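Colleague: Read off the chains here:
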Amino acid sequence: MAATRSTPPSPLHVPASPTFRAAEASVGRVLVLSIPWTWLILLLLLPTAIVLKIALSQPADGVPPYAPLLHWTAGVPHLRATWDNFALILTDPLYRGAFLHSLRVAGLSTLICLLIGYPMALAIARAPERRRNPLLLALMLPFWTGFLMRINAWIGLLQDNGWINIALGFCHLPPLRLLYSDTAMYIGIVYTYVPFMVLPLYARLTRLDTALLDAASDLGAPPWRVFLSVTLPLSLPGIWAGALLVFIPAVGEYVIPELLGGPQAQLIGRVLWNEFFQNRDWPTASALACMLLLLLLILPLVAWAAGSAVLRAARARGAGGRAIAAARQALP
Amino acid sequence: MTGRRPLIACLIAGYAFLYAPIAFLVTLSFNASSLVTAWAGFSTRWYVTLAHDRTLIDAAMLSLRIAASSATLALIVGTLAGYALARFGSFRARTAFAAAVAAPLVLPEVITGLSLLLLFVASEQAIGWPAQRGATTVTLAHASVSVAYVAVVVRARLADAGTTFEEAAADLYAPPWRSFLLITLPLLAPALVSGWLLSFTLSLDDVVVASFTSGPGASTLPMVVFSSLRLGPTPELYALATVIVALVTLLLLAAGVAQRRRPVK
Numbered sequence: 000m001a002a003t004r005s006t007p008p009s010p011l012h013v014p015a016s017p018t019f020r021a022a023e024a025s026v027g028r029v030l031v032l033s034i035p036w037t038w039l040i041l042l043l044l045l046p047t048a049i050v051l052k053i054a055l056s057q058p059a060d061g062v063p064p065y066a067p068l069l070h071w072t073a074g075v076p077h078l079r080a081t082w083d084n085f086a087l088i089l090t091d092p093l094y095r096g097a098f099l100h101s102l103r104v105a106g107l108s109t110l111i112c113l114l115i116g117y118p119m120a121l122a123i124a125r126a127p128e129r130r131r132n133p134l135l136l137a138l139m140l141p142f143w144t145g146f147l148m149r150i151n152a153w154i155g156l157l158q159d160n161g162w163i164n165i166a167l168g169f170c171h172l173p174p175l176r177l178l179y180s181d182t183a184m185y186i187g188i189v190y191t192y193v194p195f196m197v198l199p200l201y202a203r204l205t206r207l208d209t210a211l212l213d214a215a216s217d218l219g220a221p222p223w224r225v226f227l228s229v230t231l232p233l234s235l236p237g238i239w240a241g242a243l244l245v246f247i248p249a250v251g252e253y254v255i256p257e258l259l260g261g262p263q264a265q266l267i268g269r270v271l272w273n274e275f276f277q278n279r280d281w282p283t284a285s286a287l288a289c290m291l292l293l294l295l296l297i298l299p300l301v302a303w304a305a306g307s308a309v310l311r312a313a314r315a316r317g318a319g320g321r322a323i324a325a326a327r328q329a330l331p
Numbered sequence: 000m001t002g003r004r005p006l007i008a009c010l011i012a013g014y015a016f017l018y019a020p021i022a023f024l025v026t027l028s029f030n031a032s033s034l035v036t037a038w039a040g041f042s043t044r045w046y047v048t049l050a051h052d053r054t055l056i057d058a059a060m061l062s063l064r065i066a067a068s069s070a071t072l073a074l075i076v077g078t079l080a081g082y083a084l085a086r087f088g089s090f091r092a093r094t095a096f097a098a099a100v101a102a103p104l105v106l107p108e109v110i111t112g113l114s115l116l117l118l119f120v121a122s123e124q125a126i127g128w129p130a131q132r133g134a135t136t137v138t139l140a141h142a143s144v145s146v147a148y149v150a151v152v153v154r155a156r157l158a159d160a161g162t163t164f165e166e167a168a169a170d171l172y173a174p175p176w177r178s179f180l181l182i183t184l185p186l187l188a189p190a191l192v193s194g195w196l197l198s199f200t201l202s203l204d205d206v207v208v209a210s211f212t213s214g215p216g217a218s219t220l221p222m223v224v225f226s227s228l229r230l231g232p233t234p235e236l237y238a239l240a241t242v243i244v245a246l247v248t249l250l251l252l253a254a255g256v257a258q259r260r261r262p263v264k
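These protein sequences, in sequence, are chains A and B.
So the first sequence is numbered by numbering that gives the first Met the number 0: it starts at 0 and just counts up by one.
So the second sequence is numbered by numbering that gives the first Met the number 0: it starts at 0 and just counts up by one.
Treat the hints with caution; some may be incorrect.
Claimed, not checked - Partner residues are not named here, just some residues of chain B that face chain A (Cβ under 7 Å, in silico):
| hint | residue |
| --- | --- |
| 1 | 10 |
| 2 | 13 |
| 3 | 80 |
| 4 | 109 |
| 5 | 113 |
| 6 | 121 |
| 7 | 123 |
| 8 | 181 |
| 9 | 201 |
| 10 | 240 |
| 11 | 244 |
Treat the hints as calculated values from the structure; they're not laboratory data.
Owing to the predicted nature of the structure, the values given are computational and were not obtained by experimental measurement.
Using N, Cα and C, we set each Cβ at its ideal position, and we do this for glycine too.
Let's have the full structure, built from the sequences with the hints guiding it.
Modeller: Dropping the structure here:
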C-alpha cells in the first residue's frame with residue numbers, strides 16, 4: 000500500500016485517500032452552501048425581520064412613514080416597541096372580519112377545488128398510459144396563458160350584459176348579477192387553482208397499488224366501498240398537498256377579489272394592500288403580514304391534529320381497519 | 000372497471016371549464032365591436048391596435064427582460080441549494096436551510112412583496128442602494144421566489160438520478176468540481192431547463208410582487224394589464240391573450256416534436 004501512495008497510482012485500482020477527499024469536499028461544501036445561505040439571509044430572513052420590526056413601530060408622518068424603533072436620547076438607546084398595531088388588528092372588526100372572511104373563502108375554494116379536481120385526477124390516473132401526458136399538458140396549458148388574461152376572460156363572461164347572461168336570456172331565464180359578487184370571486188379562485196389540486200392528487204393516485212383495489216372488489220366490496228375504504232384513504236397525502244397548494248395562495252389572494260369580487264370582498268390580502276398603498280400605514284400593513292404568517296404556520300398543525308383525531312376515532316370504531324392504518328402512516 | 004363513464008364525464012366537464020374562457024378570449028379578439036359583449040362581425044382591428052400600442056409593447060419587453068434575468072439568477076442560486084440538499088447528506092443547520100429554501104413556496108405573494116419592498120427601502124436608507132426601485136429590484140424579488148422552485152426541481156432530479164456516476168467519477172480521482180461539471184450538470188440538464196422555464200413563467204405572470212417592488216417608470220406587462228383591467232376588459236387585451244396562447248401552443252408543439260425526434264438509445 001505504501002508503494003502505491005508514493006508513486007502515481009493507477010486510478011482504476013486504488014481508491015483515493017478518504018481524509019484528503021473529505022477535507023477537499025468540506026471546503027467545497029462551505030463554498031457551495033455560502034452562496035444560497037447569503038442569498039436566503041439577505042432576501043428572506045432579513046426582510047422578514049424588517050417586517051416584524053416595522054410591525055412593532057409606531058406610525059409617523061414622514062418618509063418612510065414609521066418612527067424608528069431605537070430612539071437615541073443623550074447617547075442612550077431606548078427601545079420604543081409597541082404592540083398597538085397587533086392590538087388594533089385583534090380588536091378592530093374590520094381586520095378580524097377580513098381574517099375570518101379570507102379563511103372562509105380559502106377553505107370553501109379548497110373544498111370546491113377538491114370536489115372538481117379529485118374526479119379529474121382519478122380519471123387521468125386511470126386513463127391509458129399514452130393519454131396521460133397529453134392530458135396533464137392540457138391541464139397546465141391555461142396556466143401558461145397568463146393569470147390576468149384568464150381573469151380578463153371571466154370579466155367578459157360574467158358581466159351584467161356578458162355572455163353567461165346572454166345565454167340565460169336565450170333560455171328565457173332572468174339575468175344574474177354575477178360580476179363583483181362572491182360567486183365571481185369563487186369562480187376566479189377555483190378556476191385559477193384547480194390544476195394545483197389535480198397535479199399532486201394525480202401523482203399520488205398513479206402510484207396507488209391496483210392490486211389493493213382488485214382485492215377489495217374480489218372480496219365483494221361494491222365500487223363506492225372500494226373508493227371510500229381503499230382509494231380515498233390512500234390518496235390522503237395527495238389531498239393534503241393539493242389543499243395546501245390551493246389554500247395558502249387563496250388566503251393571501253389580492254388580484255381576484257379586487258377584479259372579480261365586489262367592494263364587500265375584503266380579504267386579508269386586499270386589506271393589507273390598501274393599508275399599504277392607499278393609507279400608507281406601513282406598521283399596520285406589516286402587522287397584518289405577521290399575523291397572516293403566524294396563521295399559516297399554525298393552521299397546518301391544527302389541520303394535522305384534527306385529521307389524526309378523526310382517524311383515531313374511526314379506528315376506535317374499527318371501520319376499515321387496515322386502510323385507515325395505512326392512511327395514518329401516510330399522514331405528513 | 001365499473002364507474003368509468005362518470006369519471007370521463009367529470010374529466011370532460013373539467014376541461015370544458017378550463018378551456019371555455021380561453022375559447023371566449025380567442026373568439027372575441029376577432030370581434031369588430033369595441034364592446035366585449037356584442038358580436039359585430041369578424042375583424043383583425045384589435046391586432047393592429049395592439050401592434051401600435053407602445054405602452055403595452057414596452058411593458059412586454061421589460062417583462063421579458065426581467066423574466067429572463069430573474070430566471071437565470073434563480074437558476075444559479077437554486078441549483079446550488081438543490082445540489083446541497085440532495086448531495087451533502089447532513090450538514091450544520093440542514094433543517095433550517097431546507098425550510099428557508101422552500102419557504103417562498105408557501106408564502107402568500109402579498110407578504111413576499113411587502114417584505115422585499117421594506118428591505119429595499121431599508122437598504123436604500125442604510126447604504127444608498129438601490130437608489131431607485133425598478134427593473135433591478137423586481138428582478139431580485141422574482142428571483143427570490145423562483146429560487147425555491149428551481150431548488151425543488153433540481154433536488155428531485157438528483158434524488159432520482161442516484162449517485163452511481165458521481166461515485167464512479169470520484170473513484171477515478173475526479174475532484175468534486177470536475178465531477179460536478181462533467182457528471183452532475185449533464186444529468187441535471189432537463190431539470191435546469193424546466194426550472195428556468197418555470198421561473199421565467201412565474202416572473203411573466205406576477206403582478207403582486209412586481210407592484211410592491213417596482214418604482215415609477217418601470218411597469219411590467221402584468222402591471223399595465225392589471226391597471227387597465229380595473230377599468231374593464233377591452234378587446235385589445237383579448238388580442239394580446241390570443242397572441243400569448245398561440246405562442247405557448249407553438250412552443251409546446253415544438254418541444255413535443257423535438258422530444259419525439261430524439262433518438263432512443
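Colleague: For the hint on residue 80 of chain B, just tell me whether its beta-carbon gets within less than 7 Å of chain A.
Modeller: Where the cut-off is 7 Å and the nearest Cβ of chain A is about 4 Å from residue 80 of chain B, the hint holds.
Colleague: Return the status of the interface hint for residue 201 of chain B: holds when the least beta-carbon distance to chain A is below 7 Å, violated otherwise.
Modeller: violated, 10 Å
Colleague: Are residue 10 of chain B and chain A close enough, Cβ to Cβ, to be under 7 Å, as the hint says?
Modeller: holds, 4 Å
Colleague: Against chain A, run the beta carbon of residue 244 of chain B and see if the smallest gap drops under 7 Å.
Modeller: Holds - the Cβ of residue 244 of chain B comes within 7 Å of chain A, reaching about 5 Å at its closest.
Colleague: Identify whether the interface hint at residue 121 of chain B stands, where standing means a beta carbon of chain A within less than 7 Å of its own.
Modeller: Check passed: Cβ of residue 121 of chain B comes within 5 Å of chain A, closer than 7 Å.
Colleague: Just to be careful: measuring from the Cβ of residue 181 of chain B to every Cβ in chain A, is the smallest value less than 7 Å?
Modeller: It is violated, given that the least Cβ distance between residue 181 of chain B and chain A is near 15 Å, above 7 Å.
Colleague: Taking the least C-beta to C-beta distance, is residue 13 of chain B closer than 7 Å to chain A?
Modeller: holds, 4 Å
Colleague: Tell me if residue 240 of chain B is really an interface residue toward chain A, meaning its C-beta lies closer than 7 Å to one of theirs.
Modeller: Check passed: Cβ of residue 240 of chain B comes within 4 Å of chain A, closer than 7 Å.
Colleague: Restraint: residue 113 of chain B near chain A, CB-CB cut 7 Å. Satisfied or not?
Modeller: holds, 5 Å
Colleague: Tell me if the interface restraint on residue 123 of chain B is satisfied: Cβ within less than 7 Å of some Cβ in chain A.
Modeller: With a minimum Cβ separation of about 10 Å from chain A (threshold 7 Å), the hint on residue 123 of chain B is violated.
Colleague: Using Cβ atoms only, decide whether residue 109 of chain B comes closer than 7 Å to chain A, and label the hint accordingly.
Modeller: Hint holds; residue 109 of chain B Cβ to chain A Cβ min 5 Å, cut 7 Å.
Hint compliance for this structure: hints 7, 8 and 9 are broken, all remaining hints hold.
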